[in-house]
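Novice: Here is what each chain is made of, one letter per residue.
Number of protein chains: 2
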Amino acid sequence: MITVSEARKLISDHSRGNREEVLPLIDALDRALSADIVSPVDTPPFHQSAVDGYAFSYSDWDKKVGVEIAGEVQAGTVYNGHIGSKGVRIFTGAPLPSGLDTVVMQEKVELTGGLIMIRDEMILAGSNVRLQGSQTKAGDIVLKKGHRMTPASISFLASLGIIQVTVYALPRIRIIVTGKELVQPGGHLGGGQIFESNSFALRSALQAMDITPVSVEIVADDEDAIVHAIQAALDADLLILTGGASVGEYDLVPSSLERCGVKKVFHKVKQKPGKPFYFGTFDNVLVFGLPGNPAAVLSCFYEYITPAIGKFTGRQYQKRLKMILAHDFQRKPGLTQFMKGKTKGNTVFILDHQESYLMNSFSHADALVELEEERDVITKGELVDVLMILI
Amino acid sequence: MITVSEARKLISDHSRGNREEVLPLIDALDRALSADIVSPVDTPPFHQSAVDGYAFSYSDWDKKVGVEIAGEVQAGTVYNGHIGSKGVRIFTGAPLPSGLDTVVMQEKVELTGGLIMIRDEMILAGSNVRLQGSQTKAGDIVLKKGHRMTPASISFLASLGIIQVTVYALPRIRIIVTGKELVQPGGHLGGGQIFESNSFALRSALQAMDITPVSVEIVADDEDAIVHAIQAALDADLLILTGGASVGEYDLVPSSLERCGVKKVFHKVKQKPGKPFYFGTFDNVLVFGLPGNPAAVLSCFYEYITPAIGKFTGRQYQKRLKMILAHDFQRKPGLTQFMKGKTKGNTVFILDHQESYLMNSFSHADALVELEEERDVITKGELVDVLMILI
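Listed in order, the protein sequences are those of chains A and B. Just so we're aligned, residue 600 is where the first sequence starts under this note's numbering, counting upward by one. Just so we're aligned, residue 600 is where the second sequence starts under this note's numbering, counting upward by one.
Honestly, I wouldn't trust all of these hints.
[Said to hold, decoys possible] So the derived list for chain A, only partly shown, Cβ under 10 Å to chain B, looks like this:
{"hint": "1", "residue": "645"}
{"hint": "2", "residue": "749"}
{"hint": "3", "residue": "758"}
{"hint": "4", "residue": "778"}
{"hint": "5", "residue": "779"}
{"hint": "6", "residue": "798"}
{"hint": "7", "residue": "803"}
{"hint": "8", "residue": "823"}
[Unchecked claim] What follows is a set of in silico ranges between Cβ atoms, one per label pair, in the way DEER data are often shown:
{"hint": "9", "chain 1": "A", "residue 1": "634", "chain 2": "B", "residue 2": "943", "range": "18 to 28 Å"}
{"hint": "10", "chain 1": "B", "residue 1": "807", "chain 2": "A", "residue 2": "745", "range": "11 to 21 Å"}
{"hint": "11", "chain 1": "B", "residue 1": "979", "chain 2": "A", "residue 2": "635", "range": "27 to 37 Å"}
{"hint": "12", "chain 1": "B", "residue 1": "809", "chain 2": "A", "residue 2": "667", "range": "50 to 60 Å"}
In case anyone wonders, no lab produced these hints; they're calculated from the structure. Bear in mind that the values here come from a model prediction, so they are computed numbers and not experimental data. Every residue, glycine too, gets a C-beta built ideally from N, C-alpha and C.
Let the sequences and hints guide you as you build the complete structure.
Specialist: Structure below.
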């Protein structure tokens with residue numbers, strides 16, 4: 600049985616390269632750029648007034664006489680007349696007429712006839728002007744490969760006139776849920792049956808990363824049916840199975856995967872929950888066999904599958920932090936344990952009801968507290984490793 | 600001119616109640632419940648084995664003789680025979696036959712003929728059994744009104760057989776972008792023109808909250824056109840306008856809103872960027888008039904509009920934290936300033952290029968650092984208020 604850090608490394612080592620795709624800018628939120636962005640234009644594209652006021656030539660300004668105002672220029676228009684040593688009324692965002700270099704705010708002039716007297720002790724040549732190219736110059740690299748597209752990034756690239764970007768593609772993911780005891784919610788529970796919930800967990804966790812699985816199949820514990828479902832799913836980038844991952848007579852997933860030519864990388868990890876966790880590959884397909892217990896499914900998803908998806912999409916979805924444990928805690932050592940936790944500032948609480956079949960506490964968790972194999976007694980105030988799970 | 604905290608309070612005071620809607624469970628990710636959830640069933644729905652092993656009656660167990668095995672029970676099946684004082688082979692998740700109360704793991708028995716000898720010093724009555732109702736009992740309140748639906752919450756409710764939930768609805772939002780200098784990205788820039796980017800900022804920031812605006816209209820600086828657009832938009836819950844919010848001759852938004860019967864609550868806030876920020880109401884419609892500068896648009900959105908949407912959806916989207924400033928900083932006091940920041944652990948850096956027309960630094964920001972009106976000199980290591988903006 601391998602350790603958690605060995606399992607992490609093996610999955611990372613087997614994760615293959617990612618694909619690119621071109622998206623309309625407005626559809627690129629939260630995606631990572633797969634290439635640098637070069638600005639096609641200067642921004643601002645011209646010398647621009649930063650305020651409502653009057654533009655003039657600083658060197659031509661005669662403080663005793665003032666500045667004669669020849670006309671006005673709004674945002675979105677240009678002043679076409681000959682300006683000479685005169686000034687213009689100007690508004691925020693409007694281009695400075697050629698030959699003018701300074702703007703005085705409207706609150707700081709006296710206007711008499713067609714003339715302004717400037718009453719601004721602080722004014723300098725170039726005041727209140729946004730110079731052409733002061734944000735970007737055509738040809739500049741403005742965002743780098745790997746950059747996560749935030750709303751501000753999208754607004755920024757729009758302001759450069761960019762309408763599409765090249766980003767890392769989302770992986771194609773297929774899900775196979777196994778178990779003959781499963782009934783879809785809304786159905787009627789017969790003897791020994793329970794409601795199927797793992798497909799809901801996985802679909803929602805993927806949705807939080809903007810990923811819709813290509814398929815979600817529910818299969819009974821029958822090896823031929825499982826083999827058939829796996830064969831149809833080996834065109835994905837990631838295949839996730841739940842249930843039947845252990846070594847009992849009815850744990851048919853590892854043997855079915857073998858029948859389909861999937862190469863086992865490891866089976867079983869020194870962890871709780873999720874000890875029977877299986878990982879294998881088929882060409883470039885990453886195959887994850889998760890146990891059937893709901894809490895184990897989500898723990899393994901957050902601990903292993905989210906980082907694997909992140910390698911594909913060029914994103915880091917989760918923060919790993921050190922936090923202060925808010926209370927004493929004691930447990931039997933031997934396995935790395937992922938415990939449902941709730942953070943508050945820099946502290947974290949380990950929630951009650953940690954058994955792998957329980958989801959009531961997981962519903963309130965925003966983090967997994969990771970206790971290393973040999974850590975058994977923790978005193979209030981000690982630091983613990985925390986994986987933030989709400990994206 | 601009012602202060603930032605007065606502006607916040609006025610917006611909060613004018614925010615009206617929210618609507619509810621019923622959604623399929625799988626579509627409820629990240630929504631807040633508008634009513635408590637009551638479990639319709641016991642979970643587990645029966646006494647269930649937690650392991651692969653052998654079930655027996657603890658009180659009938661004769662340690663010298665061992666336990667005779669009468670048959671087997673898989674997950675998803677029930678044992679229908681008469682069990683008497685015998686035991687059964689049992690698998691994880693399978694129901695215990697009536698009369699049996701304890702399970703021994705398969706690794707801890709010796710099987711000879713049809714008989715097992717139990718070699719487990721630690722076994723107690725009830726070991727390795729998940730009791731019926733030990734997670735939820737029918738009639739229990741299992742999630743409370745206001746709860747945010749995480750992937751784990753969705754999985755949990757699926758396991759109770761629940762297929763739909765009542766949540767707070769998303770608000771209907773309309774956007775009007777004004778400015779005659781604006782050209783859509785992909786078009787050709789004429790003299791004095793710039794690319795329109797504010798609709799991209801607002802659409803993306805809303806998308807991060809799973810909200811698609813009902814409409815996005817780009818209107819030139821013409822009062823009749825603006826009035827017409829506003830009149831058509833007053834059926835929304837929130838109306839957001841950008842540009843023309845100041846008091847110049849071409850700042851037509853406040854006067855147009857007045858012509859449409861919108862009641863001004865405030866206009867201008869002691870803040871930077873976004874001093875000309877306008878807020879008004881029309882019946883239950885909240886109307887936000889943002890300045891045209893891109894950085895001011897997003898700052899005002901994150902500071903004021905996100906919390907207003909949160910009142911509608913019952914969600915708190917952002918964290919407000921105290922963080923350590925990573926460097927010395929100095930500025931002219933007088934206005935509350937929202938500065939683009941980048942966090943690293945518990946520290947925050949104020950980015951370069953803070954002017955309201957610049958978006959290059961905002962592209963890298965994950966936080967806004969809020970400096971109160973009179974705060975001018977800050978020494979490295981001092982605490983500052985931080986609003987986390989990436990959802």
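Novice: All the hints need checking, so say for each whether the structure fits it.
Specialist: So, going through the hints one by one against the coordinates:
| no. | hint | in the structure |
| --- | --- | --- |
| 1 | 645 | holds, 7 Å |
| 2 | 749 | holds, 6 Å |
| 3 | 758 | holds, 4 Å |
| 4 | 778 | holds, 7 Å |
| 5 | 779 | holds, 4 Å |
| 6 | 798 | holds, 8 Å |
| 7 | 803 | holds, 4 Å |
| 8 | 823 | violated, 17 Å |
| 9 | A:634 / B:943: 18 to 28 Å | holds, 26 Å |
| 10 | B:807 / A:745: 11 to 21 Å | holds, 19 Å |
| 11 | B:979 / A:635: 27 to 37 Å | holds, 32 Å |
| 12 | B:809 / A:667: 50 to 60 Å | holds, 56 Å |
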